[in-house]
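*Asks:* Read off the chains here:
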Amino acid sequence: MNASFRKGALTLCVLALVHQHDRYGYDLAQILAEKFHIAEGSVYPLLRRLTKEGYFTAYLRESPTGPPRKYYRITEAGEDYLRSLSKEWQLFIQSVNQILEGEKTG
Amino acid sequence: MERQEILRDYEEHFRAGKEEGKSEEEIVHSLGDPYELAKEILQDHSLEKEEEESPTSNLFQKIFIILGLGFFNLIFVLGPFLGLVGLLFSSYIFAGILIFAPVIFLIEPGLPTSVSEMLQWLFASMMTLGGGVLLLFLLLTITPLFYKGIQWYLRLNYRIIVEKA
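Protein sequence lines correspond, in order, to chains P and Z. Numbering (my numbering) for the first sequence: 1 to 106. Numbering (my numbering) for the second sequence: 1 to 165.
What the hints contain is simulated information worked out from the structure, not anything from laboratory work. The hints are all genuine.
Facing chain Z, from chain P, some residues (calculated, C-beta under 10 Å):
{"no.": "1", "residue": "Ala39"}
{"no.": "2", "residue": "Glu40"}
{"no.": "3", "residue": "Ser42"}
{"no.": "4", "residue": "Ser63"}
Just so you know, even glycine gets a beta-carbon here, dropped at the ideal spot from N, CA and C.
Just need the whole structure built from these sequences, with the hints factored in.
*Replies:* Rendered as structure tokens:
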């Protein structure tokens with residue numbers, strides 16, 4: 001799979017997951033590593049990027065077992081970005097599917 | 001500052017993994033290739049830097065820096081540099097003369113005609129040959145360092161022009 005394509009998909013997934021509820025890095029890394037075969041470490045640069053661009057805010061929340069964890073919350077800009085990215089994704093998938101189906105019948 | 005934050009994130013990752021009962025080795029493995037990770041982080045970092053730069057003053061700044069650097073090099077660096085090159089070059093020649101001096105002695109005062117002249121030639125030759133070889137060794141250690149110094153300075157100039165301007 002193309003690297004930038006992968007990156008785009010990963011960004012979309014992180015946005016969607018944090019949109020469901022606030023999450024911390026390790027949690028996200030586990031989910032994404034399970035679904036896609038990615039290096040868990042690469043989740044953190046992505047989170048930093050999204051935070052820096054104003055799509056997420058980060059805050060510390062006490063953890064029952066140890067020191068506080070850094071949680072990420074989606075901002076309004078992040079929600080807008082999520083909407084536009086998922087729209088792009090749907091269109092993209094549709095086009096791909098159309099071509100795949102065309103190949104099957106034709 | 002930023003580096004500390006990045007490290008903090010990974011420390012948290014390790015703690016969370018350990019709480020789940022994973023070994024440090026497993027966690028390291030699942031994080032992925034550290035080299036690739038560092039590349040990604042540095043890439044993000046340099047992209048941010050590029051965005052921070054203002055494009056308007058860039059060209060003038062670049063011209064000023066190149067001109068300034070050129071003048072500085074011409075006035076303060078070129079002279080000492082040529083001097084050092086000359087010193088090295090003449091030292092090599094001097095070392096060569098010292099090493100070949102025993103042969104020259106045979107030609108200039110002539111072949112020794114007596115035992116005392118023979119001994120004189122022998123001792124003089126030992127001294128000049130020893131001195132010449134020593135000097136040559138010294139020069140052979142200094143020259144690569146000098147070469148590295150030049151490379152370092154050129155790279156420094158290049159970095160100043162490419163990154164600061």
